[in-house]
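*Asks:* Assembly of the complex is requested from the two constituent chains, each provided in isolation within its own frame, with the hints serving as guidance.
One-letter residues, chain by chain:
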Amino acid sequence: MLRETLMNNDYSRDAMLEFLREAVHAGLINPAVARSRRNAALELFAHLSEGEAEDLRRIDVDELAARCHKLQGGTVRPEVLSLYAGRLREALDDYFRYREAPDGFVARRTERKAPRRRGSEQLRTAEEEALEQLRLDETRYRPDIVPIPLRPGTVLYLHGVPADLSAAEARKVARVVEALADEPAGEE
Amino acid sequence: MNRWLLALPLAVFGVVGIGLYALFMAHADEASFRDNLLPELIGFCLEGFFLVGLFTLVQQLRENHHRRELKLSLRSALRDFLSHLDLAFLEPDAEPANTHDLESEPRVVLRLLKHMEELELDANSMLALKRTAIYTLPLAHDLINIAAQLSAGHMRWWIDIVESIKQLAEAESREAVERPVYSLLVGLSEFDALKV
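Chains as they are written, first to last, in this note's numbering: chain A, 1 to 188; chain B, 1001 to 1196.
The shape of chain B in the complex, shown without the other chains (with noise of 0.2 Å):
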């Protein structure tokens, strides 16, 4: 729309207000000013205190989850290596984590870490965590967009996580496998920490 358009109904309020209190001035006494235009001031400011702060606080609601929302989808991307390491560590007869847990819970990325501090990926689960990490690289790497709405920190971790996806996606050996997804673990630990 035409900024002047949006200009217009100021300058006739304006110059209408200034005209009023013109005329209100003219024809005053003393006490006219504290007896009529007191309250109506002491209204207005009482009204643009409330109806601001309330806005003010719905909109920075909104925003917060908003935030948290992206926050999530850029968790979510990483899923599947969670879910992959949950099984390479996983006990024989225990219950893989829920994938609520997997996409937004921080402790799960800890006992990840730990886990991988002390145990061992199989074949098996390195192949697929490289698999995933070719598929994912492309998206993860689309994905430094939405972290920069975040904050800088944000996208900082992010970049550092997907340095990690590229790393796996070419590995060619254990400790180039290993290497990248703890580094990419300590990433997202850093990431979680952040607050939105």
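Just chain A, same shape as in the assembly (with noise of 0.2 Å):
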């Protein structure tokens, strides 16, 4: 029934979203993770070009979610473009695949994982831990703030330093610093 639905080689955006419609009914794709994944392909698909609407393996996800996030000016936030992205991805790889092989098609599990209850019996192993840890411990400060350590205790932040900061730049902020100075510079 799917199968005449479909057409051959129809690699077409309107064929995907009847594909993720009628699979359901199949019985190949679990109807929330169909509905989850039409949510995101209806978000991102609004930014195809024609060829790319007419011919969906010519997409490349991240290019498209980028383009998103620059045309919508941030109405929708990247953290669900990207999430949106990885449920397109999912999608796009169920539907190649079932073109390709339609008769052994079992459609992939969703990558994302449940959250995780408090107190339940997965425990985090030494390594998840030392994991977390690490991560945490590299994210400090902010990129664009520079960090320079004084003296115990003291750590003196510099703020938009530029890309392109010259030689001479650098000295006319030494000099300025050095002006701040309790004692003048050569007295050390």
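No lab work stands behind these hints, which were simulated from the structure alone.
Some hints here could point you the wrong way.
As the list claims (entries may be wrong) - Derived coverage of chain A by chain B (criterion: at least 3 residues anywhere in the stretch with Cβ under 8 Å from a Cβ of chain B; other residues may be distant):
hint: 1; region: 9-18
hint: 2; region: 79-85
hint: 3; region: 104-114
hint: 4; region: 127-137
Virtual Cβ for every residue (Gly too), placed ideally from N, Cα, C.
*Replies:* Now the structure itself:
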């Protein structure tokens, strides 16, 4: 039934959306999974070019998500866009696999895991905890703020340093900071 | 503008008014006040009542609107935290909350608080929250002045929120992340509960 609905070699946007609807009726995909993928696809497909809409194999999902981010001016949050991009990737993968081999098709599982309950039996392994600690430890400062440790307990933060700072400009900054010192330079 | 210039018309109207009243009383008989001046005074009072009442109402509405806008601006500054938390607790195939709800709905904060009590944050979400805290801290700090324009209560809770963001920005372990996130949500729910 599903195979009859979808035309051969049709990799268009409409065919994929049709697949997501019909696959639920055919029992190939969980309805909740299909719904979430369809919503993600509808959000991102609004920004497809004509060529991409005709042949979804030409889509680069990351590039499409980046395009949406620029076009929508922040109405869809970046973190939601990357969630949608992940769901679209899974949807496309399933669709392409179905097109290539409909007979043995089994939908892939959603990669996102449900959040872990507190006090559940799934304890974190020592490696997981160490990795968690390491990642949190790495992120301390904004990349655009340069910390300069002066002495124990005192750190100076330099903000707004341009990427193309020249040596002459750096000396100018140094002279300004020098002027703020308690004792004049050269006394040390 | 020079304040004497503003006082000048008042003085002119005052002096002319007193002069006219004296003139009226000098030539008036017993019924003149009741027949001529009383209806004018009643009209004047009614006009004053409606105009002052109306202007006060309009002023009040404008002020409330302005304060609501200020509160929404403050709330929006915390949207990224709520967004990351919303995604952290999202079931695999569920839809994320919409942006408008994150920015203005107090029940979203209550839902996240409940999730914080029942569910754990994963490493990616903790990292995203910490990064958001690092980026948001200067802005949140600058917004204390805006919170102070709302009320002392708003300012107190906003300072509490800023403190949580500061602790989150410096967190280096799961406990050190979860504690300020929870306290940020508590602070935000109290902030929401305050009337503007």
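*Asks:* Compare the structure with each hint and give your call.
*Replies:* Status of each hint after checking the structure:
{"no.": "1", "hint": "9-18", "result": "violated (count 0)"}
{"no.": "2", "hint": "79-85", "result": "holds (count 3)"}
{"no.": "3", "hint": "104-114", "result": "holds (count 4)"}
{"no.": "4", "hint": "127-137", "result": "holds (count 8)"}
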